[in-house]
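**Student:** Mind docking chain B on chain A? Use the hints.
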Amino acid sequence: MPTPILMPALSPTMTEGNLARWLKKVGDRIKPGEPIAEIETDKATMEVEAVEEGVLAEILVAEGTEGVKVNTPIALLRGEDEAAAPAPATAPRPAAPTPSTAAPAAPQVLRPVAHEPEIPAGVQMRKLTVREALRDAMAEEMRRDPDVFLMGEEVGQYQGAYKVSQGLLDEFGPERVIDTPITEYGFTGLGVGAAMAGLKPIVEFMTWNFAMQAIDHIINSAAKTLYMSGGQMGCPIVFRGPNGAAARVAAQHSQEYSSWYAHCPGLKVVAPWSAADAKGLLKAAIRDPNPVVFLENEVLYGQSFEVPVLDDFVLPIGRAKIVRPGRDLTITAFSIMVGRALQAAEQLAAAGIEAEVIDLRTLRPLDVETVVASVKRTNRLLSVEEGWPVCGIGAELAALMMEHAFDWLDAPVVRVTGKDVPMPYAANLERMAVPQVEDVVAAARALVGRA
Amino acid sequence: MASTARATKEARKVAVEVVEPTPAIPSAEELLKLYREMLLIRRFEEKAGQLYGMGLIGGFCHLYIGQEAVAVGIQHALTEKDSVITGYRDHGHMLACGMDPRRVMAELTGRVTGYSKGKGGSMHMFAKEVRFYGGHGIVGAQVPLGTGIAFAHKYKKDGGICATYFGDGAANQGQVYEAFNMAALWKLPVLYVIENNRYAMGTAAERHASTTSLFQRGLAFAIPGTQVDGMDVLAVREKALEAVRYVREGNGPFVLEALTYRYRGHSMSDPGKYRTKEEVQEMRERHDPIDRLKNLMLERGVADEERFKQIDKEIRDICNEAARFAQDSPEPDPSELWTDVLVES
Numbered sequence: 001m002p003t004p005i006l007m008p009a010l011s012p013t014m015t016e017g018n019l020a021r022w023l024k025k026v027g028d029r030i031k032p033g034e035p036i037a038e039i040e041t042d043k044a045t046m047e048v049e050a051v052e053e054g055v056l057a058e059i060l061v062a063e064g065t066e067g068v069k070v071n072t073p074i075a076l077l078r079g080e081d082e083a084a085a086p087a088p089a090t091a092p093r094p095a096a097p098t099p100s101t102a103a104p105a106a107p108q109v110l111r112p113v114a115h116e117p118e119i120p121a122g123v124q125m126r127k128l129t130v131r132e133a134l135r136d137a138m139a140e141e142m143r144r145d146p147d148v149f150l151m152g153e154e155v156g157q158y159q160g161a162y163k164v165s166q167g168l169l170d171e172f173g174p175e176r177v178i179d180t181p182i183t184e185y186g187f188t189g190l191g192v193g194a195a196m197a198g199l200k201p202i203v204e205f206m207t208w209n210f211a212m213q214a215i216d217h218i219i220n221s222a223a224k225t226l227y228m229s230g231g232q233m234g235c236p237i238v239f240r241g242p243n244g245a246a247a248r249v250a251a252q253h254s255q256e257y258s259s260w261y262a263h264c265p266g267l268k269v270v271a272p273w274s275a276a277d278a279k280g281l282l283k284a285a286i287r288d289p290n291p292v293v294f295l296e297n298e299v300l301y302g303q304s305f306e307v308p309v310l311d312d313f314v315l316p317i318g319r320a321k322i323v324r325p326g327r328d329l330t331i332t333a334f335s336i337m338v339g340r341a342l343q344a345a346e347q348l349a350a351a352g353i354e355a356e357v358i359d360l361r362t363l364r365p366l367d368v369e370t371v372v373a374s375v376k377r378t379n380r381l382l383s384v385e386e387g388w389p390v391c392g393i394g395a396e397l398a399a400l401m402m403e404h405a406f407d408w409l410d411a412p413v414v415r416v417t418g419k420d421v422p423m424p425y426a427a428n429l430e431r432m433a434v435p436q437v438e439d440v441v442a443a444a445r446a447l448v449g450r451a
Numbered sequence: 001m002a003s004t005a006r007a008t009k010e011a012r013k014v015a016v017e018v019v020e021p022t023p024a025i026p027s028a029e030e031l032l033k034l035y036r037e038m039l040l041i042r043r044f045e046e047k048a049g050q051l052y053g054m055g056l057i058g059g060f061c062h063l064y065i066g067q068e069a070v071a072v073g074i075q076h077a078l079t080e081k082d083s084v085i086t087g088y089r090d091h092g093h094m095l096a097c098g099m100d101p102r103r104v105m106a107e108l109t110g111r112v113t114g115y116s117k118g119k120g121g122s123m124h125m126f127a128k129e130v131r132f133y134g135g136h137g138i139v140g141a142q143v144p145l146g147t148g149i150a151f152a153h154k155y156k157k158d159g160g161i162c163a164t165y166f167g168d169g170a171a172n173q174g175q176v177y178e179a180f181n182m183a184a185l186w187k188l189p190v191l192y193v194i195e196n197n198r199y200a201m202g203t204a205a206e207r208h209a210s211t212t213s214l215f216q217r218g219l220a221f222a223i224p225g226t227q228v229d230g231m232d233v234l235a236v237r238e239k240a241l242e243a244v245r246y247v248r249e250g251n252g253p254f255v256l257e258a259l260t261y262r263y264r265g266h267s268m269s270d271p272g273k274y275r276t277k278e279e280v281q282e283m284r285e286r287h288d289p290i291d292r293l294k295n296l297m298l299e300r301g302v303a304d305e306e307r308f309k310q311i312d313k314e315i316r317d318i319c320n321e322a323a324r325f326a327q328d329s330p331e332p333d334p335s336e337l338w339t340d341v342l343v344e345s
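Line order of the protein sequences matches chains A and B. If you use the numbering used here, the first sequence corresponds to residues 1 to 451, in order. If you use the numbering used here, the second sequence corresponds to residues 1 to 345, in order.
With the rest of the complex left out, here is chain A (with noise of 0.2 Å):
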């Protein structure tokens, strides 16, 4: 019994070409891969190669026909050997596919918070920089874990490019604190593969600027696999490093990278401010399965907070945390931002303005809850952040606003970003590219009309 050869599709977009030639004629013995036809398709002209063996029969379509669509039989193949004549190519099956093309719902936006305290009541509490929590974070899960180790530049004997890892090679040996050489792309992509392979790397970059070298593994090697391989090879690693600026670097040193990073399914992305919080969540993004992007701040290193004097102090990635509570406005804010809108309230309440300030503190998963609550007692909503507006943070929450929250909304949602501009060198001019102070205080007493 001939098989029908069909005409076939050469590229993903194909659905239709001409069918310019015909190499073979009715009679030919053809083998397999041997050109027996040449089609055009708009991009190319393109040769038809057997896939089995046989003779070629009978031609349906004659050459110079156009418009020949997709899977419409072309020609019939006799096989040579009926019993070892391969099975014949039928037309394709209707796939036992597609119950609908309509996507479901997406996961709920909104998930009820949970309202017990962080810190248990009567704890004793201790000052320690941001650094020593960070630091101590490592500590205590590499303890914990032995599938825990740190990798980067100068992590190991330099003790950190900014004393981050103090320590460290002391206590865990050169096996678990390993100096990378200054190349971000491979190392990231060494450290995600081990993490493929069932380890639990700390990634430290010496900034997130150098981190742009490194985004492919971090985005295509490490969030998408998951995905990709149908939730069968997960990668449990944390990117961590100071992110945005520190002080006169200039622009290739001051970038913020918390939009880059958040627009990415796949990942989590933390950027904590005060102490206690960098360490109770660095500790939640050792431990997650999921690639975490974990953002720090060169300026707060030395900054001191209470932490907790805890044996485990592990907070939940996906909370954000009021830090101020107030009626009249709500203020987000993430990472150093969080010092200015709290400096900022301080003012503001001098001045008769209650102000709310949430902390962020992880910008994937957002906290919405938490932010739609608090706008819906105070009708009003600030953004701050250092990095640029265009497709910032701020953006992605006034857009989330007025989904979940148009109604309670007194006046459109206003951010306070950093100017839209690479971050310049001279004093003068950073300091007016960055967020201050009192740019927020100026933002928050026109959004309540006492400007």
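These aren't lab readings, by the way, just hints derived from the structure by calculation. Keep in mind it's a predicted model, so treat the numbers as computed, not measured.
Think about it this way: if two alpha-carbon atoms lie no more than 25 Å apart in a straight line, the pair counts; the simulated DMTMM-like pairs of lysine to aspartate or glutamate are: (1) A:K24 - A:E63; (2) B:K277 - A:E52; (3) B:K277 - A:E40; (4) B:K187 - A:E153; (5) B:K33 - B:D304; (6) B:K154 - A:E140; (7) A:K31 - A:E58; (8) B:K128 - B:D333; (9) A:K31 - B:E278; (10) B:K309 - B:E29; (11) A:K24 - B:E282; (12) B:K157 - A:D145; (13) A:K31 - B:D304; (14) B:K154 - A:D170; (15) A:K31 - B:E306; (16) B:K309 - B:E30; (17) A:K31 - B:E279; (18) B:K157 - A:D179; (19) A:K69 - A:E53; (20) A:K25 - B:E285; (21) B:K277 - A:E34; (22) A:K31 - B:D312; (23) A:K163 - A:D311; (24) B:K313 - A:E53.
Some chain B residues flagged as far from chain A (calculated, every beta-carbon gap over 12 Å): (25) I25; (26) P26; (27) L31; (28) K33; (29) E80; (30) T203; (31) Q216; (32) G225; (33) R245; (34) E279; (35) K294; (36) N295; (37) M297; (38) D304.
Built from N, CA and C at the ideal position, the CB exists for glycine as well.
**Tutor:** Below, chain B alone, put in the same frame as chain A:
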């Protein structure tokens, strides 16, 4: 065009003239296994090409036809504790790793029974149970990743190595050399297998590489390398056994360059204007790895024509069954759109 064709013809001459001592002949049982595994890849890929033509496989689909001896020969030198990672031309490696042809075909057709539940496709397939780590679509990305898998073998002291495959095109990627440096510096147990099929998509090796002896690409890092006729499965197997022994003994990485050839286009939509038909025909007729092994087995009386016919039928049945299984499987449930983005902890 004419100059391109001339250049590629010259490349072919160079490539075919790799001087090899005759490799040792393994047992009849192993010869049959090597033959069956190569034939399975060949027939499977032909079937995949057919299903692509029928519109059942979408997107990009890079066939391994012609290169079968490389993955099969290397796999015969590895053990169960070893890992494998490769790029986007990955169907052959998966079959050589012993993955189920039905589930590979189901993934190619985007069905829920595929290795990635239909969410990865041709270029992104994984099987953790056999330590196959993909299937990566970004050229060269698998090289640091495979080096990291080797790092994990060393860290866990489990005695395994990672076979990291990449092509002549990927061999120009900067990240490859960043990985080479760390692998050599830290003596990581990684075997780099460069499958030099002479073309990075449509650009011939001598048009994309300043030096085309790719096995020497590790020398700046003191990584030894050797070249092998990748159209000869016994030669590949033998060189791989030596290379694997070197890597497993803790000496650090090794580069094995296999000179090979793909008969089909880079992907399905390749007009093939960058090489001559004669060149492809010459490789098919004179250097085909499956024909070569078959002739050797016939000469040595390992199997007769009747036995080969029987094997061919068995392999065709497996591939037809894979195609049937794939086509009869449902597409993923719409709810799968939202799953596997994050591990829920």
